[in-house]
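Peer 1: Here are the chains, one letter per residue:
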Amino acid sequence: MGSLMGSLEIALQSLLAQQGALEVTSNNIANANTPGYARQVPVFEEEPTILEGSLVFGEGVTLQQVQSVRDNVLNLQLDQATGAQAQVNAYLGGMNEVATVFNETQGAGLQNAISQFFNSFQTLSTDPTSSTLRQAVLTAGQNLASAFNQASASLGQTTASLNRSVVGDAGQINQLTSQIAALNPQIAEAQAAGQSTGSLVDQRDQLISQLSGLVDTSVVDAGNGNVTVTTANGTPLVVGAQSFALTTQVNSTTGNEDVFSQGTDITASIQSGDLGGLIQARDQGVAQAETNLDNLAASLISSVNTQSAKGFDLKGKAGGNFFAPFQPGPGGSNAGAAAQFAVAISDPSLIAASSDGTAGSNGNALALANLQNTAIIDGQDPSDFYSNFVAGIGNQVSTATAQQQATGLVVAQLQNQQTNLSGVDLDQEAANLQMYQNAYNAAAQVVAVINTLTQTTINMGNGA
Amino acid sequence: MGMRIVYNPYTVLLQGIAQDRAALNTALGQVSSGQKFNTIGADPTAVAGVIENNFEAANLDQYTQSVSTLQAQFQTAGTALDSVTQALTSAISLGIEGANGTLDQNQRDAIATQASQLEQEVLGYANTREQGSYLFAGTATTTPPYVENSASPSGVAYVGNSGTNQVEIGDAESVQQNLPGSTIFNAAGADVFQGFHDLISALQNGDATAINNATSELQAAFANVGVQRTFYSSALQNLTGASYTLSQAQLNLSQQQDNLLQVDEATAVTNMSTDQVDLDAALAAAGKVDQNNLLDYLK
Numbered sequence: 014m015g016s017l018m019g020s021l022e023i024a025l026q027s028l029l030a031q032q033g034a035l036e037v038t039s040n041n042i043a044n045a046n047t048p049g050y051a052r053q054v055p056v057f058e059e060e061p062t063i064l065e066g067s068l069v070f071g072e073g074v075t076l077q078q079v080q081s082v083r084d085n086v087l088n089l090q091l092d093q094a095t096g097a098q099a100q101v102n103a104y105l106g107g108m109n110e111v112a113t114v115f116n117e118t119q120g121a122g123l124q125n126a127i128s129q130f131f132n133s134f135q136t137l138s139t140d141p142t143s144s145t146l147r148q149a150v151l152t153a154g155q156n157l158a159s160a161f162n163q164a165s166a167s168l169g170q171t172t173a174s175l176n177r178s179v180v181g182d183a184g185q186i187n188q189l190t191s192q193i194a195a196l197n198p199q200i201a202e203a204q205a206a207g208q209s210t211g212s213l214v215d216q217r218d219q220l221i222s223q224l225s226g227l228v229d230t231s232v233v234d235a236g237n238g239n240v241t242v243t244t245a246n247g248t249p250l251v252v253g254a255q256s257f258a259l260t261t262q263v264n265s266t267t268g269n270e271d272v273f274s275q276g277t278d279i280t281a282s283i284q285s286g287d288l289g290g291l292i293q294a295r296d297q298g299v300a301q302a303e304t305n306l307d308n309l310a311a312s313l314i315s316s317v318n319t320q321s322a323k324g325f326d327l328k329g330k331a332g333g334n335f336f337a338p339f340q341p342g343p344g345g346s347n348a349g350a351a352a353q354f355a356v357a358i359s360d361p362s363l364i365a366a367s368s369d370g371t372a373g374s375n376g377n378a379l380a381l382a383n384l385q386n387t388a389i390i391d392g393q394d395p396s397d398f399y400s401n402f403v404a405g406i407g408n409q410v411s412t413a414t415a416q417q418q419a420t421g422l423v424v425a426q427l428q429n430q431q432t433n434l435s436g437v438d439l440d441q442e443a444a445n446l447q448m449y450q451n452a453y454n455a456a457a458q459v460v461a462v463i464n465t466l467t468q469t470t471i472n473m474g475n476g477a
Numbered sequence: 010m011g012m013r014i015v016y017n018p019y020t021v022l023l024q025g026i027a028q029d030r031a032a033l034n035t036a037l038g039q040v041s042s043g044q045k046f047n048t049i050g051a052d053p054t055a056v057a058g059v060i061e062n063n064f065e066a067a068n069l070d071q072y073t074q075s076v077s078t079l080q081a082q083f084q085t086a087g088t089a090l091d092s093v094t095q096a097l098t099s100a101i102s103l104g105i106e107g108a109n110g111t112l113d114q115n116q117r118d119a120i121a122t123q124a125s126q127l128e129q130e131v132l133g134y135a136n137t138r139e140q141g142s143y144l145f146a147g148t149a150t151t152t153p154p155y156v157e158n159s160a161s162p163s164g165v166a167y168v169g170n171s172g173t174n175q176v177e178i179g180d181a182e183s184v185q186q187n188l189p190g191s192t193i194f195n196a197a198g199a200d201v202f203q204g205f206h207d208l209i210s211a212l213q214n215g216d217a218t219a220i221n222n223a224t225s226e227l228q229a230a231f232a233n234v235g236v237q238r239t240f241y242s243s244a245l246q247n248l249t250g251a252s253y254t255l256s257q258a259q260l261n262l263s264q265q266q267d268n269l270l271q272v273d274e275a276t277a278v279t280n281m282s283t284d285q286v287d288l289d290a291a292l293a294a295a296g297k298v299d300q301n302n303l304l305d306y307l308k
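Protein chains in written order, with my numbering: chain A, 14 to 477; chain B, 10 to 308.
Bound conformation, chain B alone (with noise of 0.2 Å):
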């Protein structure tokens, strides 16, 4: 007599049975979800890869966000300098127009008003805020970096600071906020308000060489502000730059994520087919096993 065997067909189907049903639900955990798993212990190391995935997106939507505000910023302070250009070209104008022999002190007085009237655009233009932060008072933006005061030699004094902010755009890789508006405004030998109050106090004198001095100084501001202005200009190109990078960058970064974690759709559904068949193969096979015994056929 062989190995005794006891028939006991149930524990086996029901075995089969259990195993079927345990990979339907995940082949149907994957159709619904669109991922390849749904808990942590099915692929660990994946998870740890989808967790800094996740981490880094955050991170790059971050960037993407402070590069959008820079941008805001940058044009609106490159739209407020482009203003300050114009306006100085007209002082420009006027200083060339007054320093003119055949105008009496009338038209000059006339034209100091317009003057006066520019500096007034240019100092509102270099208090710009955004976002109720002054743009051109170094890091003290609470407050009006440009001030009237009779004690400042040009009339208008600069209570802002020399700081600089840094804003990061990417992993260890930062750009530079902001000028300081004595940058701007307030260089060595280029002095914008300096100009202008030469200016005013030149015409209302009726001094024509003293005119001709501060055309030449506002010249010499006007040369300085642009040159100051491509700072923003350029910052703006990087920016550009930096933008197309960080959504090559969260491109990349989403087909890792989906690599790691999407299901393959076709697959997927392929796979439920495949483990519905079985399933309703073991249960048809459960469905007909053979009760008879030997007992049966005693007679």
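One chain only, chain A, in its complex shape (with noise of 0.2 Å):
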């Protein structure tokens, strides 16, 4: 049979579990502003029942756990999607200052310079002997080869920044699995001794996450409280309580910095993150840009040497390079053309314009001149490849930018489902408040009731 005691005892739980239903409260609207904060929900539990005789009376309430809202798939998406926004923020970064460097919608770029040239060879076909159009074709192949120089100069300080970036990325990645591999034990200790790893557990996710803005990331829950970090394709970042850290070495041939974890080179499997966008942007856009001004600039210096051969220059003399001379290098790279553009002569009568050896001769001036319409790379002409270059950059920028706004809403989506299910809403802690703060007062009135009756029992035993 139930006693007064007994009651006593259950009100005094019940107190104590509404005060921590309390502070789990206080403490979600303390947090309702903090990135990664996974709101948390008290949760009660009936205590067990105790027989007597024929009768089951309840033994009240307890707060079992502090219990964290999160959904560890919805976590993993919004990861993945953090890492694709990230690659494609950093790829686009580069990209657009590629299409700087060539921007003809704003003048920049080479049209002009390759225009010019080839016209100073037409003007002087019409004056062949004069001195000033010799002059001026001298000039318009100086502005030429430092247009080229200039673009090729721009282009590589967008290859070094990026390799910068490239290293810092890896030094935060070393930080962030670091930190992540310190949290481990934590959590599994914690866990072990049945204490609430929520707080843990958020700081975890919130490193996750950031490392998933920098570099594709996987987790696996290792069990007892540890996740496994790896990147996409497996290499280890974060082993329970071990980080392997992330180097990065320049490359002796391309001079770009590529990234090793334990003595593997993982450069090329590196995909997401801000990471995979800068490798991206380094390694495809930035190189194919470079690798199509050098095939150019190889293209016109072999080209209108070839035809200055062809002609003779103003004293008769048979025509030398106009242009310095440039060596493929191994497997027919042009690498190095577009840095190394000049004019190979300094005296404008040594400009071939003669076909025949006279001096007012101007056939050869007019080979060189249409040069420009005649296909030297690539089966197209240079005016028709530079366009298709520029505007094959511009497709580039392009796609990227919609695949920024695609990921851009992707991540808004998942951010606001995760918002949804595990951020903190102000108006359901202030109902939990009221609801708790009434149970709490409701259990302090038993706790006032049953001290009334056992006054009363004290009293019936003094015979009052």
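Just so you know, these hints were derived from the structure itself, not from any lab. Mixed in with the good hints, there may be bad ones.
As the list claims (entries may be wrong) - Chain A is faced by these chain B residues, among others (derived, beta-carbon under 10 Å):
#1 N63
#2 E65
#3 L303
Glycine included, every Cβ here is placed at the ideal spot set by N, Cα and C.
From these two lone chains plus the hints, build me the complex, please.
Peer 2: In structure tokens, the structure reads:
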């Protein structure tokens, strides 16, 4: 049969449980704007009943645990989307710099220099002996060379800045993975001791989310509160309490910073996150622009020199190189052609305008001018090749911009879902606050009633 | 209970404000630059067209400049040949006058002196220069094509060559730039300097028959120079046509370029106003967000 003391015990437990719930609510409200915070809910559990004779009595409530509300699958999706967004942002950042170098809509780029160069030969053809016009050809040639030099230098600067960011990202990744590795055992320990791990897991989730923004990240629950973090293709980043640092090393062939994990070059396998975007911009976007620029430079140098050799200078001598000749590297690579582009002659009379050795002949000047309309590179004339080259960069930027918008929407949507699930809703917390307050008040009232009854009982014994 | 919605208006509002600002920036860029786009990523297909058009526009400018240079050269050459024709007309008159049987030798010597002066004039015209280049030297344009040379039967030797130049005045369209002096002044049976040489000797020798023969030679030379002169006049006519065609092509190209690149000002300004209103509305909404929640009503 129930006793007053039993009732008092139940009321006291209830007071403690409601007090705990009020603390959870208070903590939720306090962290309403804390990034990465997953709201917590108090989990009440009914105490085991006791049987007295034929009667079953409840034994009150206990606050069994404080649980963080999170959806690991949703977190994983959000991490992946964040990685994709960071990747396209970084790639676009690099490609926008490339697009600026060739922004023909603002008069930047090579079109004008190419036109001026070939047209200077057209002008020379109207008066091939004119020293003024010959000097103008030299100047146009120097301007063309310097336009290629500058474009090449600008692309080089973009690559250098991307390389610096690659090194910076590797450093940040190492910092994050060591922090995650430090949290793993703390969580495992707390979990083993039956303590609440909510805030530690929140911290670790937040770090993993930041890591996903830097590199493609795969997270596997290793049990006992530990997570194993690897890149998408399996390179370990964090296993238990150990983190595996990424290192960077300059590639002697490309001059670029390669990314290594435990001695293995993993550069090409990094697909996502800021690091993935940087590498994609550097090794694909910028590299392709450099190759195209070098190929165009090499074709111009070689075709102008070849045509020059077919003519004669003002003194009737066989034409020499107009541009400093370029020697392709191994495998026919034209790397460096744009950077080394230079006019080989300084004496205007050496320009091979004549086709028959007489000073006034303009046949070779015309032939040189007509190289502009001759398929000298990839079956295209220089103007077609250049237009397609620039439009190609424009397309890459345009596609990446569309991807940026798309990934932005996906991230916003997932963040919204996560907020709806794990975010703190002040209305709900206010309702909870009132609910727990009422319960606490009621329990306190029970204590007061039991107290009164106990007094009554004691007074009964006094024979009052 | 329905789906849990956490009240967080700022994320949505900030996204909206960012979008409105981006749109307003684009509109401002269009209005201030007058261009539809200012980056190559904005419309890559149009950019390819813009670049091709810029190449073509530079070529058209170049052709126009070449036409103008050729026009000056052809005019100078034509004027020189007109003067040669006049000198030849005077020389023919001198020949007719000198063949008159009533003249004594002194009078014929005086006419011979006049003919000699005319020959010097013609020699000067045959060595006409434009911007330092000899126009009637073939492609040996750096030295005078006609020099006095006693070893030559006419006393004047042609040291130019028979080369001709072509100059481009359009894509795959070119014109011949010059006639070699030999074609104009040294045609077989119509040699200008041989005519002068023979006339002067005949006058000095008082040989009426030879004077008549020399006059006929000069008439043949006159006819040939006249025929060759038409090369320059018809070339000039062609250039006038080419110049018109080029200006039409430039106009078309500039319209094409405008269509690709130029923004319609009215549309751009309207867009800007609309974007401004959108942004103002978003900002106003952000300022009026209800900050209240249930906590404000608890007692």
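Peer 1: Compare the structure with each hint and give your call.
Peer 2: Comparing the hints with the structure gives:
no.	hint	in the structure
1	N63	holds (5 Å)
2	E65	holds (8 Å)
3	L303	holds (3 Å)
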